[in-house]
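A.B. asks: Chain by chain, the residues run as shown.
2 protein chains.
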Amino acid sequence: MTYQAYVFDVYGTLFDVYSISEKCTNYFSDKGARISQSWRQKQLEYCFLRQIIGSYIPFHEITKEALQYVCISEQVYTTEEIITDLLQAYLKLSPFAEVKQALEMLQSETLVVFSNGSLDMLHPLLNHSGLTSYFQHIISVDEIKQYKPSPSAYQHVCNRLNMQPKEILFLSSNTWDVAGASRFGFQTAWINRSNATMDLLDVTPNYIVNDLQELIGQLT
Amino acid sequence: MTYQAYVFDVYGTLFDVYSISEKCTNYFSDKGARISQSWRQKQLEYCFLRQIIGSYIPFHEITKEALQYVCISEQVYTTEEIITDLLQAYLKLSPFAEVKQALEMLQSETLVVFSNGSLDMLHPLLNHSGLTSYFQHIISVDEIKQYKPSPSAYQHVCNRLNMQPKEILFLSSNTWDVAGASRFGFQTAWINRSNATMDLLDVTPNYIVNDLQELIGQLT
Chain A
1 MTYQAYVFDV
11 YGTLFDVYSI
21 SEKCTNYFSD
31 KGARISQSWR
41 QKQLEYCFLR
51 QIIGSYIPFH
61 EITKEALQYV
71 CISEQVYTTE
81 EIITDLLQAY
91 LKLSPFAEVK
101 QALEMLQSET
111 LVVFSNGSLD
121 MLHPLLNHSG
131 LTSYFQHIIS
141 VDEIKQYKPS
151 PSAYQHVCNR
161 LNMQPKEILF
171 LSSNTWDVAG
181 ASRFGFQTAW
191 INRSNATMDL
201 LDVTPNYIVN
211 DLQELIGQLT
Chain B
1 MTYQAYVFDV
11 YGTLFDVYSI
21 SEKCTNYFSD
31 KGARISQSWR
41 QKQLEYCFLR
51 QIIGSYIPFH
61 EITKEALQYV
71 CISEQVYTTE
81 EIITDLLQAY
91 LKLSPFAEVK
101 QALEMLQSET
111 LVVFSNGSLD
121 MLHPLLNHSG
131 LTSYFQHIIS
141 VDEIKQYKPS
151 PSAYQHVCNR
161 LNMQPKEILF
171 LSSNTWDVAG
181 ASRFGFQTAW
191 INRSNATMDL
201 LDVTPNYIVN
211 DLQELIGQLT
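Read top to bottom, the protein sequences are chains A and B.
Per full-length UniProt numbering, the very first residue in the first sequence carries number 1; after that it's consecutive.
Per full-length UniProt numbering, the very first residue in the second sequence carries number 1; after that it's consecutive.
Please note: incorrect hints may appear among the correct ones.
The list makes no distinction among identical chains, and a pair is therefore deemed to hold if it is satisfied within one copy or across any two copies.
The calculated lysine to aspartate or glutamate pairs, modelled on DMTMM-like cross-linking and capped at a C-alpha distance of 25 Å, are [as the list claims (entries may be wrong)]: (1) Lys31 to Glu74; (2) Lys31 to Asp199; (3) Lys64 to Asp202; (4) Lys31 to Glu81; (5) Lys64 to Asp199; (6) Lys166 to Asp202; (7) Lys64 to Glu80; (8) Lys145 to Glu61; (9) Lys31 to Glu61; (10) Lys23 to Glu74.
Derived by calculation from the structure, the hints in this document are not laboratory data.
All values derive from a computational prediction rather than experimental measurement.
Throw the hints in and build the complete structure from the sequences for me.
C.D. replies: Written as structure tokens, this is what we have:
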């Protein structure tokens, strides 16, 4: 293969953030699905806004505040125990079906995780799913307190790996992440799991595939 | 009154961006309302993302690309004429009901517009609604190509007015705008027109009111 490292986004790319929706439905019944969706959307919005206004806090705090906001906004009954239980579930998200086999097929390569998540979220999540051993590096933006998709975040990966952007294939299901990484200079693969529309941000991924298996088929 | 200048956000604060939804419904029938909502949401998202990844384009281009994205994503039939007509409607948005009278009551003060909108959108909009003459300054982020809520955007207002942040009352209906302005150091008023929930971004506006008339009642 032609890349020095394969750098994977985590939430939405390796793990299904909506695998939490069942638990949301248990607590919030008919509002559960919407709360699950709004929680993720607000979580991302808070990363972007805090990056812009310059008020970084770790991802686990953003994730909690996003959930608290959505519960207030949706006017659902909640307790500290419910919030804690839902946040715990974020440490046990389900990997997408093809992920483990795809990582097996790439074992001869340098595989890296790079996430907006803080290490206190990433390590339990990867351990719970048994994926930790596949990765040589687990890199969090928390090390520099600059969220993706800022150029400084992607530069941190180059610094950690001592590689040039063009030597790296960055894989993400998030269009904002693919856009930021492409703009920075990474080679990029958009794992378009939900048949979504690419955002109009003047960037074109090197690969557009439905899952990691399809990507491997195009790499080999 | 106790402020050197009253600086108003435009979209959502002085003008109702959803006054365009009727035209969307004419073109897209039952999808019109959702397209109107998604268009605004995507327009804001593109401002935030382009600010973070460092790929500024003027607001009128972002507004067009946001509309194009939503039309593709919603799989609705559209033409260049439809897109153009909807973008033209953005130059004729309706001001909220109390705006004109509120500006009249503040005429002895220094009133300023400060928007992410480019001047080629702001001037026609303010002229069409007959509000131009109320403002001593019409300031756009396009002059520095840094979108709100970045600190550099709010600093531009201080530079243009030759004032300190604390001398300025900034008024916006957008929680991300109030958060960025408060964080920067402006005095802030959140015009909470839709009974929304304040975002959890570690900032508290100096005033929280339902419209400009209510704010004036608290100022005097």
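A.B. asks: Of the hints given before, which are not true for this structure?
C.D. replies: Per hint list: zero violations.
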